[in-house]
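Protein chains: 2
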Amino acid sequence: MADKKVVLGIDIGGTGIKFGLVNRDGKILFSDKVKTKGYPKPDPLPADLKKRIAPVLKEQQLELAGVGIGSPNGNYFDGTIDHAPNLPWKGLIPLKDYFKKAFRKPVALTNDAKAAAIGEMYFGAAKGCKNYLFITLGTGLGSGVIVNGQLVYGHDSLAGELGHVIVYRNGRLCGCGRKGCIEQYASATGIVKTYYELLRNKSIDKFRLSLGNMLDAEMICDMAMKDDEIAQEAFYRTGWILGFHLANSVCYTRPEKIFLFGGLAQAGDLLFEPVKNSFEEHLMPIYQGKIPILPSGLKESEAAILGAASLIWDEIKD
Amino acid sequence: MADKKVVLGIDIGGTGIKFGLVNRDGKILFSDKVKTKGYPKPDPLPADLKKRIAPVLKEQQLELAGVGIGSPNGNYFDGTIDHAPNLPWKGLIPLKDYFKKAFRKPVALTNDAKAAAIGEMYFGAAKGCKNYLFITLGTGLGSGVIVNGQLVYGHDSLAGELGHVIVYRNGRLCGCGRKGCIEQYASATGIVKTYYELLRNKSIDKFRLSLGNMLDAEMICDMAMKDDEIAQEAFYRTGWILGFHLANSVCYTRPEKIFLFGGLAQAGDLLFEPVKNSFEEHLMPIYQGKIPILPSGLKESEAAILGAASLIWDEIKD
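Just so you know, the sequences run in chain order C and H. Numbering-wise, the first sequence is residues 15 to 332 according to my numbering. Numbering-wise, the second sequence is residues 15 to 332 according to my numbering.
One chain only, chain C, in its complex shape:
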C-alpha cells in the first residue's frame, strides 16, 4: 500500500499565502492560495487552511503528518515571525503556536530561504549531498548553509545571512542599515542598480530617458540576450562579485557544491559564466576545480511550498 502521509507546506509572502499538500516524494497533490491582506491578523489563518484542505484529505484518503511554514523573518527556534517588514503582522507573531493549536500535529517554521535550502536536499538537486551552500537571488540574497546534512541555525536561528556579508566598505546602502552588503550587488535589485550606474556613466542621455521605464532584472536579462552591451556588463559585474563572495564563503564550511536559486539564476550562462570564472579566480588553491556551482533543481513555482513541507519531512525522517 502506498504511503498516504502528506505535509501541509505553507509559503507566506507579502501579497499571497500559498499552501499545498506534499507527499514524501515531493509531489504536490493539491495546492491553493489566499491573499495576505485578507488576514490583517494571523489568528484565523490556521483554521481557514484546515477547512480548505479537509475535503482533499478525506477524498484522497491522505493522512496529515504535519505543517511546515516558510516565512520572511521566520525564526525556527522560537516558532515566531519576527518584525517582518513586508507582512501586515507587526511585532513578534507566534505563528507556530497558532498552527499547533489548530492542527495538533508537528509544526515547523523557518525563513523562506532556509526552507528552500532544505527543500533542495529532499526534492531538488542536493539529494545525497551533505555539505552545501544554497543561495537564492531574489529581491535580496537569501541563503542556507548545510553542514553534515543539517541546516545551520547557529545560536539563535539567525545563521546563514550570507547576503549581509560586506563586500564593498562604504558601498551601496543596504536595507539592514549598513553599507556594501553583497545583496545590494548580487540580487535582482542589485543588478538593476548596477545597470543604472553603468548607463549613467556611459550615456547620460539614455540614462535620463530610462528613468521613466522602471527596469527590472528580467528586462535587463532580455536586453543582455539581445546583445545590449550595458546589460551584459551588468551581468558580468554581478557575476564577478558573487563569484568573489562565494569563493570567500567556501573557507567557512567547505561545501561540496553550491546551488543558485531564484529569478536571477534563471538567466543561465549570462550569470553562471562570470560567477564560475570569478569563483575559480578567487578560490584558495586547495579548493580550486573541486566545487561545482549549479542551478537549483527546484522549480521556481513549487520551491516555496516544497521547502516548507520539507521542514517536516526533515523532522520525521523515519
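No lab work stands behind these hints, which were simulated from the structure alone. A portion of the hints provided could be inaccurate.
Listed next, the in silico EDC-like pairs over lysine to aspartate or glutamate satisfying Cα-Cα at most 20 Å (straight line) [what the hints assert, rightly or not]:
| id | chain 1 | residue 1 | chain 2 | residue 2 |
| --- | --- | --- | --- | --- |
| 1 | H | K141 | C | D170 |
| 2 | H | K304 | C | D170 |
| 3 | C | K304 | H | D96 |
| 4 | C | K271 | H | D170 |
| 5 | C | K304 | H | E295 |
| 6 | C | K331 | C | E77 |
| 7 | H | K19 | H | E77 |
| 8 | H | K304 | C | D92 |
| 9 | C | K193 | H | E294 |
| 10 | C | K72 | C | D111 |
| 11 | C | K193 | H | E295 |
| 12 | H | K193 | C | E295 |
| 13 | C | K144 | H | D170 |
| 14 | C | K304 | H | E77 |
| 15 | H | K144 | C | D92 |
| 16 | H | K144 | C | E77 |
| 17 | H | K304 | C | D96 |
| 18 | C | K141 | H | D92 |
| 19 | C | K119 | C | E329 |
| 20 | H | K193 | C | E294 |
Position chain H relative to chain C; hints supplied.
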C-alpha cells in the same frame, strides 16, 4: 575509584614534537618533547613515543584510551599530513596509520588550529558552548568553526580556513598564492608588516634604521605599551580589520561567542579593544551587542597538547 584513563596528545611542529598524557579533566600528568629533525622519516616516531610513555603509564597505573595528534596540514578524514611546508616529511604522510599499528588504540589527527578549537570546548573557556568561532593569531590566522557542538570539517576536512578570506582585493601577497587574505593583516606576521608600512610612510629615516632590527609582534606590543604611537597605530589597524572580518564571519554560522588565541591575543586590550569596536561597528544590527569576543581559556604552553588530546575525548565521549 578515580578514572585512570588518559589520552596521549601530540603536537607536531617544525622544530619540536611535544607530547603529553592528558586525563579527562584536562590535567597533563606527564609531558616531554623530541626534536622534529631527529625524525627525517616519521616511521619510527610512534614506537619511540610508546617507549617514552610506557614507564609512566605503568608507574601511575594509567590506561591509554587513544592518541590525538595536531599537526600543520593534518587531514582529519584521511589521517594524513598533506604536504606540510614546515615539516621534514614531504608528500602525503599516513601518520594516523603508523600510530594505529603501533598503539592499537583509537587515533585521531587534525590540523593544529582545529585541535585547539576542540580543546577550547573540553578544557578551555568554551565549556557548554555549542556554537563558536575559535581564532588563533600566530604566524598565520588559523581557525575552527564549531556548530552544534561539533567542529565543521566540511566535505574534505578543509573547512575553517578563515585566515584565507580575502579582505583587500590586490592586497598583500599571501603564502597561499593569492592576494589580500586576512592572515596577511591579522596575525603576528601581519602586524609586523603593518608596522613597517606605517613607519615607512611616517619617517623614512627611522624605517631605514629599523630594517636591521628584525622586529617581531612581541616587540611591537612592548613598544605600544611604552606609548610608541606607530606601534599603537599598528595594533589599531590590525584590530580594526580583524573586527571587520569577524563581523562578516558571524553571518555564516551565528556563533554564540568568538575566542581569540595565540601570541597576538596575549596583547590584551591593545588588540581586543579595536577588534571589539570594529566588530560592533560592522556587525549586522540583528547580531549587535550579542556576541562576546573573548580570550581563549587555554594556556599557551598547554593548548597544543590539550587540543590534540581532546580529539580522542571528543570521539569517546561516554
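Verification of the hints:
no.	hint	in the structure
1	H:K141 / C:D170	holds, 18 Å
2	H:K304 / C:D170	holds, 10 Å
3	C:K304 / H:D96	holds, 17 Å
4	C:K271 / H:D170	holds, 12 Å
5	C:K304 / H:E295	violated, 35 Å
6	C:K331 / C:E77	holds, 16 Å
7	H:K19 / H:E77	holds, 5 Å
8	H:K304 / C:D92	holds, 17 Å
9	C:K193 / H:E294	holds, 14 Å
10	C:K72 / C:D111	violated, 25 Å
11	C:K193 / H:E295	holds, 11 Å
12	H:K193 / C:E295	holds, 11 Å
13	C:K144 / H:D170	holds, 11 Å
14	C:K304 / H:E77	violated, 43 Å
15	H:K144 / C:D92	holds, 18 Å
16	H:K144 / C:E77	violated, 37 Å
17	H:K304 / C:D96	holds, 17 Å
18	C:K141 / H:D92	violated, 24 Å
19	C:K119 / C:E329	holds, 12 Å
20	H:K193 / C:E294	holds, 14 Å
Checked against the numbered hints given earlier, this structure breaks hints 5, 10, 14, 16, 18; the rest are met.
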